[in-house]
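So the protein lines, in turn, are chains A and B. Converting from the first sequence to my numbering requires adding 401 to each position, the first position being numbered 1. Converting from the second sequence to my numbering requires adding 401 to each position, the first position being numbered 1.
No lab work stands behind these hints: they were computed from the structure. Be aware that one or more of the hints could be misleading.
One copy or any two copies: either way a pair holds, since identical chains are not told apart in the list.
Calculated cross-link-like contacts (lysine to any residue; reagent style SDA-like; alpha-carbon spacing at most 25 Å) [as the list claims (entries may be wrong)]:
| id | residue 1 | residue 2 |
| --- | --- | --- |
| 1 | Lys-486 | Gly-707 |
| 2 | Lys-405 | Asp-615 |
| 3 | Lys-486 | Tyr-410 |
| 4 | Lys-405 | Arg-512 |
| 5 | Lys-486 | Arg-532 |
| 6 | Lys-486 | Ser-553 |
| 7 | Lys-405 | Ala-439 |
| 8 | Lys-405 | Ser-513 |
| 9 | Lys-486 | Glu-501 |
| 10 | Lys-405 | Ser-419 |
| 11 | Lys-405 | Thr-484 |
| 12 | Lys-405 | Ala-505 |
| 13 | Lys-486 | Arg-719 |
| 14 | Lys-486 | Ala-506 |
| 15 | Lys-486 | Gly-717 |
| 16 | Lys-486 | Pro-476 |
| 17 | Lys-486 | Cys-643 |
| 18 | Lys-486 | Ser-513 |
| 19 | Lys-486 | Leu-517 |
| 20 | Lys-405 | Arg-728 |
Since we're looking at a predicted model, the values are computed, not measured.
Here is what each chain is made of, one letter per residue.
Number of protein chains: 2
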Amino acid sequence: MTIKDVAAYSGVSVSTVSRVLNDHPDVSDGVRERVWAAVHALHYVPNNAARDLVRPTSDSIGLVVRGAENPFFTPIIRAIDETAKAAGYTVVLHQIRAGEDELAAAAELARSKRLLGLILLGGSTDYTAERTARLGVPFVCCSFTNSFGTLSAADYSSVSIDDERAAAQAVTLLYERGHRDIGILLSAPDDRSISELRCRGYRRALRENGLASDDALVLACGSYDMSDAYRCVRAAIDGGLCFTALFCISDAMAMAAIKALSDAGVRVPEDCSVIAIDGIESTLYTIPTLTTLVQPKEAMGRRAVGLLDAQLHGGGCRRELLDTALREGGSVCSRRT
Amino acid sequence: MTIKDVAAYSGVSVSTVSRVLNDHPDVSDGVRERVWAAVHALHYVPNNAARDLVRPTSDSIGLVVRGAENPFFTPIIRAIDETAKAAGYTVVLHQIRAGEDELAAAAELARSKRLLGLILLGGSTDYTAERTARLGVPFVCCSFTNSFGTLSAADYSSVSIDDERAAAQAVTLLYERGHRDIGILLSAPDDRSISELRCRGYRRALRENGLASDDALVLACGSYDMSDAYRCVRAAIDGGLCFTALFCISDAMAMAAIKALSDAGVRVPEDCSVIAIDGIESTLYTIPTLTTLVQPKEAMGRRAVGLLDAQLHGGGCRRELLDTALREGGSVCSRRT
Numbered sequence: 402m403t404i405k406d407v408a409a410y411s412g413v414s415v416s417t418v419s420r421v422l423n424d425h426p427d428v429s430d431g432v433r434e435r436v437w438a439a440v441h442a443l444h445y446v447p448n449n450a451a452r453d454l455v456r457p458t459s460d461s462i463g464l465v466v467r468g469a470e471n472p473f474f475t476p477i478i479r480a481i482d483e484t485a486k487a488a489g490y491t492v493v494l495h496q497i498r499a500g501e502d503e504l505a506a507a508a509e510l511a512r513s514k515r516l517l518g519l520i521l522l523g524g525s526t527d528y529t530a531e532r533t534a535r536l537g538v539p540f541v542c543c544s545f546t547n548s549f550g551t552l553s554a555a556d557y558s559s560v561s562i563d564d565e566r567a568a569a570q571a572v573t574l575l576y577e578r579g580h581r582d583i584g585i586l587l588s589a590p591d592d593r594s595i596s597e598l599r600c601r602g603y604r605r606a607l608r609e610n611g612l613a614s615d616d617a618l619v620l621a622c623g624s625y626d627m628s629d630a631y632r633c634v635r636a637a638i639d640g641g642l643c644f645t646a647l648f649c650i651s652d653a654m655a656m657a658a659i660k661a662l663s664d665a666g667v668r669v670p671e672d673c674s675v676i677a678i679d680g681i682e683s684t685l686y687t688i689p690t691l692t693t694l695v696q697p698k699e700a701m702g703r704r705a706v707g708l709l710d711a712q713l714h715g716g717g718c719r720r721e722l723l724d725t726a727l728r729e730g731g732s733v734c735s736r737r738t
Numbered sequence: 402m403t404i405k406d407v408a409a410y411s412g413v414s415v416s417t418v419s420r421v422l423n424d425h426p427d428v429s430d431g432v433r434e435r436v437w438a439a440v441h442a443l444h445y446v447p448n449n450a451a452r453d454l455v456r457p458t459s460d461s462i463g464l465v466v467r468g469a470e471n472p473f474f475t476p477i478i479r480a481i482d483e484t485a486k487a488a489g490y491t492v493v494l495h496q497i498r499a500g501e502d503e504l505a506a507a508a509e510l511a512r513s514k515r516l517l518g519l520i521l522l523g524g525s526t527d528y529t530a531e532r533t534a535r536l537g538v539p540f541v542c543c544s545f546t547n548s549f550g551t552l553s554a555a556d557y558s559s560v561s562i563d564d565e566r567a568a569a570q571a572v573t574l575l576y577e578r579g580h581r582d583i584g585i586l587l588s589a590p591d592d593r594s595i596s597e598l599r600c601r602g603y604r605r606a607l608r609e610n611g612l613a614s615d616d617a618l619v620l621a622c623g624s625y626d627m628s629d630a631y632r633c634v635r636a637a638i639d640g641g642l643c644f645t646a647l648f649c650i651s652d653a654m655a656m657a658a659i660k661a662l663s664d665a666g667v668r669v670p671e672d673c674s675v676i677a678i679d680g681i682e683s684t685l686y687t688i689p690t691l692t693t694l695v696q697p698k699e700a701m702g703r704r705a706v707g708l709l710d711a712q713l714h715g716g717g718c719r720r721e722l723l724d725t726a727l728r729e730g731g732s733v734c735s736r737r738t
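Go ahead and model the full structure; you've got the sequences and the hints to work with.
Spelled out as structure tokens, the structure:
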């Protein structure tokens, strides 16, 4: 059974049948009814591949994940995938390494795959309109926003936590538990990423609580990798650096830090407390369980799709900030002050 | 500049230009050269969207991940994504939960997205030809194979480790280090998954080393979840079960087991040794570092794409078994025998 049989049965041309099957408006109601009657009478099953060939647009959105080895992203990818599918989109995946240019990758993907829009999961916080213009489609920044960039509010949507505020909360918690010598483990203090934002929050909390900043306590390991985090903390301890608490900008880095402290003979939390931001599953099983500010990962993924969907349906751009929630583990102890 | 301008400039019809742009064979070399000369002279950029409309097939392969929360899959997904892109494929992602039916999901994806082929990452080991016929396209099982099914060799490709053999190696290592009371932490001993295969390897190693099987030492936690693994081990210890070594069928479950043992006052490795299979990054940072048989995850992802690519180019189906490599950590100690 082919489209020709349907055309012959209903007494119209093949192209008219095609127009009916593809919901073109330029067909009279009478012809439309006749064609559908033929389709049903002949039990004709439209060939989806052929139908797709004449579709004017795809239903695909791109998901560009920068630093996919980060376990923090896994539940977000999952939520994006589920939500996008429920909304009728196909998700085209593109994973790149932490150091790669997500905008170049996204622009190429959007062009070659006829994407409707893009979700960038992980990325830089300093976009300019010139650079994002290459994307050519609406996009949503997920887990970060344009803190250091020059995009106008109409250029993009984003959903993230308030990184500076969350970092300040974590450090203030350490202060309230009696800690005065508080270090930070980060990628770099000035890399225009969430590392810089969380460093700002760290410094702000120290300042607001009357503590002096000490650059020696800023442990910059140069990446978000666990291996770099481990080496950096181990070198600091072996070099004689003293602190009673360490704020780590990610759970994965905190896991490596706890291991480095333990290997160096520093007990967590008795000798050194550790706190982080992210809240991944694995750090429920560190010894001790990590105390951390949990990001709402599923909600973040769902909202990323919602924001993109709104843009694709003519809605405006929005920037949403979600709250973190404290997950008390056993990695922070109180000190007498 | 449109395709009509190119047609007019080169003196051929629009459909001929289209055939040239899409590499159809039924165009003479002379016409082909004339059209490309016009394309270059006019700086015509073919509209990809329009080109895709007349392409007979898509370039998409589907990646169905069952149990995407498993960190073991992350580097495999990454390798599949990179290798597939380098080979010119678009990867359409579909993540489902551990308990869901990957064949139903894959069949729907293949149909709706006009996929060329499928990679199933995680899945059941008991497929029948009736069930896989719904897929309608070539497929590769990645990280598992059809151990309990009835597929014929021409029906599918797969790349995995030899699960039974790897499990036997792990348990034999415990035996050689002096352990005689060896437990296994698994999902279920008879669920037709890699859990059952690894249980077979466990029993085989006990038998070959002259040890009796004791069903009490088979800790079936009902899933691959860390939370279930934790509860199961904790309940066993609290219930008075004694063993000096525990073989865990996955690294993630071993991480939860180490935590449960620690929380129950059992020291790892002094009181109980732990070994696993997988080799994920996080278990380099457990305390102690996990001793585990590392699966070649990147190679597995690359080979999955290679096997599918071969099938798509008229090659046959193959089943490949890759070796694991022992990563010595600090979670296994020797006992005097």
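So, going through the hints one by one against the coordinates:
When the C-alpha separation of Lys-486 and Gly-707 is checked against a cutoff of 25 Å, the pair qualifies only within one copy, where the shortest distance is 12 Å, while the shortest distance between copies is 28 Å. Neither within a single protomer nor between protomers do Lys-405 and Asp-615 lie at most 25 Å apart by alpha-carbon distance, with minima of 79 Å and 68 Å respectively. For the homomeric pair Lys-486 and Tyr-410, neither the shortest alpha-carbon distance inside one copy (36 Å) nor that between copies (45 Å) is at most 25 Å. With identical chains, the CA atoms of Lys-405 and Arg-512 are at most 25 Å apart between copies only, with a shortest distance of 22 Å across copies and 34 Å within one.
Taking CA atoms no more than 25 Å apart as the test, Lys-486 paired with Arg-532 passes between copies only; the shortest distance there is 24 Å, against 29 Å inside one copy. In the homo-oligomer, the alpha carbons of Lys-486 and Ser-553 never lie at most 25 Å apart, since the shortest distance is 30 Å inside one protomer and 33 Å across protomers. Within a single copy, Lys-405 and Ala-439 get their C-alpha atoms as close as 11 Å, which meets the 25 Å cut-off; across copies the closest is 36 Å, which misses it. Taking the shortest alpha-carbon separations for Lys-405 and Ser-513, only the inter-copy value of 23 Å comes in at or below 25 Å, while the best intra-copy value is 33 Å.
For the homomeric pair Lys-486 and Glu-501, the shortest alpha-carbon distance between copies (16 Å) is at most 25 Å, but the shortest distance inside one copy (27 Å) is not. In this homomeric assembly, Lys-405 and Ser-419 come within 25 Å of each other (Cα to Cα) both inside a single copy, at 10 Å, and across copies, at 24 Å. Taking identical chains as interchangeable, the C-alpha atoms of Lys-405 and Thr-484 are never at most 25 Å apart, the minima being 38 Å within one chain and 41 Å between chains. Within a single copy, Lys-405 and Ala-505 get their C-alpha atoms no closer than 45 Å, and across copies no closer than 31 Å, so neither meets the 25 Å cut-off.
With identical chains, the CA atoms of Lys-486 and Arg-719 are at most 25 Å apart within one copy only, with a shortest distance of 22 Å there and 32 Å across copies. Taking the closest pair of Cα atoms, Lys-486 and Ala-506 come within 25 Å of each other both inside a single copy (23 Å) and across two copies (12 Å). Taking identical chains as interchangeable, the C-alpha atoms of Lys-486 and Gly-717 lie at most 25 Å apart only when both belong to the same chain, with a minimum of 22 Å there against 33 Å between chains. In the homo-oligomer, the alpha carbons of Lys-486 and Pro-476 lie at most 25 Å apart both inside one protomer (15 Å) and across protomers (24 Å), since each shortest distance falls under that limit.
Proximity of Lys-486 to Cys-643 under the C-alpha cut-off of 25 Å is found in neither arrangement, the shortest distances being 50 Å within a copy and 48 Å between copies. Both within a single protomer and between protomers do Lys-486 and Ser-513 lie at most 25 Å apart by alpha-carbon distance, with minima of 21 Å and 12 Å respectively. In this assembly of identical chains, Lys-486 and Leu-517 lie within 25 Å of each other by CA distance both inside one copy and across copies; the values are 14 Å within and 20 Å between. Taking the shortest alpha-carbon separations for Lys-405 and Arg-728, neither the intra-copy value of 63 Å nor the inter-copy value of 63 Å comes in at or below 25 Å.
The structure shown violates the earlier hints numbered 2, 3, 6, 11, 12, 17 and 20.
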